[in-house]
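Novice: So the chains spell out like this:
2 protein chains.
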Amino acid sequence: MNISTRIKNMNYSPIRNIVPSLENAKNKNLNVYEMHIGQPNIKTPDAFFDGINNYKEKIIKYENSAGSHATIKAFCQMYKNAKIDLTEDEILITHGGSEAIMFAIQTICDPGDEVIIFEPFYSNYDSFIKCASVKPCPIRLDANNDYKIPPYKTLQKAITNKTKAILLSNPNNPLGTILSKDEMHTIAQLAIEYDLFIITDEVYRQFVYDNCYYESFMNIDGLTDRCVLVDSISKHYSACGARIGVLATKNKEFYSQALKLCQARLSVSTIEQIASANLIYTMDSYADNVRGEYMRRRDVFCTELSKIDGVDFVFPKSAFYVFATLPVDDTQSFVRFLLEDFEHNGETLSFAPGAGFYINADIKNAARFSFCANACDELKTAAKLLKIGINEYKK
Amino acid sequence: MNISTRIKNMNYSPIRNIVPSLENAKNKNLNVYEMHIGQPNIKTPDAFFDGINNYKEKIIKYENSAGSHATIKAFCQMYKNAKIDLTEDEILITHGGSEAIMFAIQTICDPGDEVIIFEPFYSNYDSFIKCASVKPCPIRLDANNDYKIPPYKTLQKAITNKTKAILLSNPNNPLGTILSKDEMHTIAQLAIEYDLFIITDEVYRQFVYDNCYYESFMNIDGLTDRCVLVDSISKHYSACGARIGVLATKNKEFYSQALKLCQARLSVSTIEQIASANLIYTMDSYADNVRGEYMRRRDVFCTELSKIDGVDFVFPKSAFYVFATLPVDDTQSFVRFLLEDFEHNGETLSFAPGAGFYINADIKNAARFSFCANACDELKTAAKLLKIGINEYKK
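Protein chains in written order, with this note's numbering: chain A, 1 to 395; chain B, 1 to 395.
FYI, nobody ran anything at the bench for these hints, they're computed from the structure. Hints are supplied without guarantee of correctness; some may be wrong.
According to the in silico footprint, chain B covers these stretches of chain A (three or more CB under 8 Å from chain B) [to be verified]:
#1 12-25
#2 39-46
#3 49-62
#4 96-109
#5 186-200
#6 227-240
#7 247-257
A few chain B positions that, by computed beta-carbon distances, are all more than 10 Å from chain A [claimed, not checked]:
#8 80
#9 143
#10 292
#11 310
#12 313
#13 392
Quick caveat, the model's predicted, so the values are computed rather than measured. By construction, the Cβ of each residue, glycine as well, lies at the ideal position given by its N, Cα and C atoms.
Whole structure, please, built from the sequences with the hints as guidance.
Specialist: This is the structure:
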């Protein structure tokens, strides 16, 4: 029997892949500070659970393929508040941001086409692109240049006649950077000159710190028809397991074609949609409070991290990750060491090895730490464990 | 900007596509007997809602990519009861049967590969295959031969060196037929001779009537490694909107590769999984009762249908559909007529035009009626409306 090349070319998730080692550590009753995954430890708002309790139907029926009216309406209001201009007939509800990205790629690209991504990237971008038999074309961001978007001429070199889209996250996962006005205009110029779609994953847009500049690509002049927005309630509302996302565009052709994919998979979970609609409507202060908490966590963890010899990183301005280089030969084997062969006072930590955020996995010494899952004092301990772990590992 | 050929080649769902006409009819306050969609009107078991209420966590976290332990365990028990041999590490939980089929095709086929399907087929098979840039290769089942599987030599003619799998539903949607032992062995022989996977969609397996023979492909000798089972709680438990499905196989290579797709989309809705696990565990008599009710509905509707001049169909032995030919030129325009230009005492009906269950849409006079959404007396009325509608339409 045949197993496809497309799937053989895909990688296991560098984040999900450490689960066996993690379970191994937990089975040994170790207390693990889980910093490998963007799973917040902050309570999902009551409005979500209230929404579920308000469901009085006796049958769990299919919803509309495009999404329930209530959920679409709620997102529409949310975008209005965020000053992103989207009407109800421009929004599709998806099984998380993941399905939105998958649908965007399938709608735009045929096998052999190419999509530009910036390295390091959210690791599943590579998977989504490859499972569509499309080629990911990375443009590497340089740590020595604070991971800034390279000059226009450098970007141009990555374009071929097969290039159909640019896929990026802004605010950035794993970097915690935010595109400047200039960087956005450089990317916009590229998209316009080479007639490309921009698939803009903005699932961290609620978490921008220090009054930094952040603008949605949806609001950049000249891109109205060219943008596909990916969004999700997962991070905004600490509801990752709800799997409620958004694929939105003002491009009518894209919308009407992507609707075919929505119809094929019938609909998104009915109850989760109802709960999400309620969540979005009744939430005001939640994101503000959570933002403050994430900032405090960032400050604590980064302060401790900067005290460790040989650790280097760009201070994150958004999201809840720190992407750091560590003074070890290979972070993949280091994280396995931490989970399988190390402990300090019955504790250890996990992180996501950085190689999984690059196409060629040639960056061996990087690591993504998520600071959304632990309180400030825990992060302080985790950083200390990291320091001890590095020393032990190097022996 | 580019829109992919793969998506342009896809069709809108023939079932979901009539929604605008349907909403039009409802806006005119017509009472519509909805027979176009397999959305049961039978109450979802309380166990599902109890499962939701039992969720006491404060955070809606990501579940494991392969599925929650509880849900996998529950399905495993369900298969044990159904005498289908599957262990926990052979079961992946998916967003409905739809995602399971999509993942199966992507795991097996590269662009340009071919999948055998039997016409008429569940319309979304065509969509799932095309969105993977794979070619659907139909083998037509002949209405004059009661839609039986053709002889082995006929099947062989459809095979090329690009053929990688056979995708079928058993019990059959839209036909309501069940494969005989002989038919299954013919298909098995083909799969073995040409080294193909069998993707066997058995989401209607609880609804087999009149003590007919039904066997899972998972239990056919010599196919152990060659079968991929697609299942779902949607129809079994009247919980279509939960979007909880299964992709199961004893083929370890397939399982471990398909897991990459599960990891890429992170996880399936957490609460729906918990509710489903509870549902499966506590359900005993439910399926038996519902089976009896569907049989009664089938008998009533088919009796009325057989009284209409020029209507022809094979009496369904499973599932909850009747696939009939009607004495009209084009069932697509006929269903639009029923919803937009017809009413009788303020009532009308809907059905799914048959052309959407064929690749070339050349069968213009067929229709799929779903008898799961209405009680017996309603189905009697719906059949009468159909008779009057046919007469009006022909004028």
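Novice: Check the non-interface label on residue 392 of chain B: least C-beta distance to chain A beyond 10 Å or not.
Specialist: holds, 30 Å
Novice: Compute the least Cβ-Cβ separation between residue 310 of chain B and chain A, then decide whether it is above 10 Å.
Specialist: holds, 31 Å
Novice: Within the region 39-46 of chain A, is the number of residues with a Cβ closer than 8 Å to a Cβ of chain B three or more?
Specialist: holds (count 6)
Novice: Per the coverage rule (Cβ-Cβ under 8 Å, at least three residues), is the region 247-257 of chain A covered by chain B?
Specialist: It holds: at least three residues are needed, and the region 247-257 of chain A offers 4 whose Cβ sits within less than 8 Å of chain B.
Novice: Minimum C-beta separation from residue 143 of chain B to chain A exceeding 10 Å: can you confirm that?
Specialist: holds, 26 Å
Novice: Per the coverage rule (Cβ-Cβ under 8 Å, at least three residues), is the region 49-62 of chain A covered by chain B?
Specialist: holds (count 6)
Novice: How about the region 227-240 of chain A: do at least three of its residues have a C-beta closer than 8 Å to a C-beta of chain B?
Specialist: holds (count 3)
Novice: So is residue 313 of chain B really clear of chain A, every C-beta pair being over 10 Å apart?
Specialist: holds, 25 Å
Novice: Check, residue by residue, whether the region 12-25 of chain A contains three or more positions whose beta-carbon lies closer than 8 Å to a beta-carbon of chain B, and give the verdict.
Specialist: holds (count 5)
Novice: With a Cβ-Cβ cutoff of 8 Å, does the region 186-200 of chain A contain at least three residues near chain B?
Specialist: holds (count 3)
Novice: The region 96-109 of chain A covered by chain B? Criterion: 3 or more residues, Cβ-Cβ distance below 8 Å.
Specialist: holds (count 8)
Novice: Residue 80 of chain B: least C-beta distance to chain A exceeds 10 Å?
Specialist: holds, 25 Å
No hint from the list above goes unmet by this structure.
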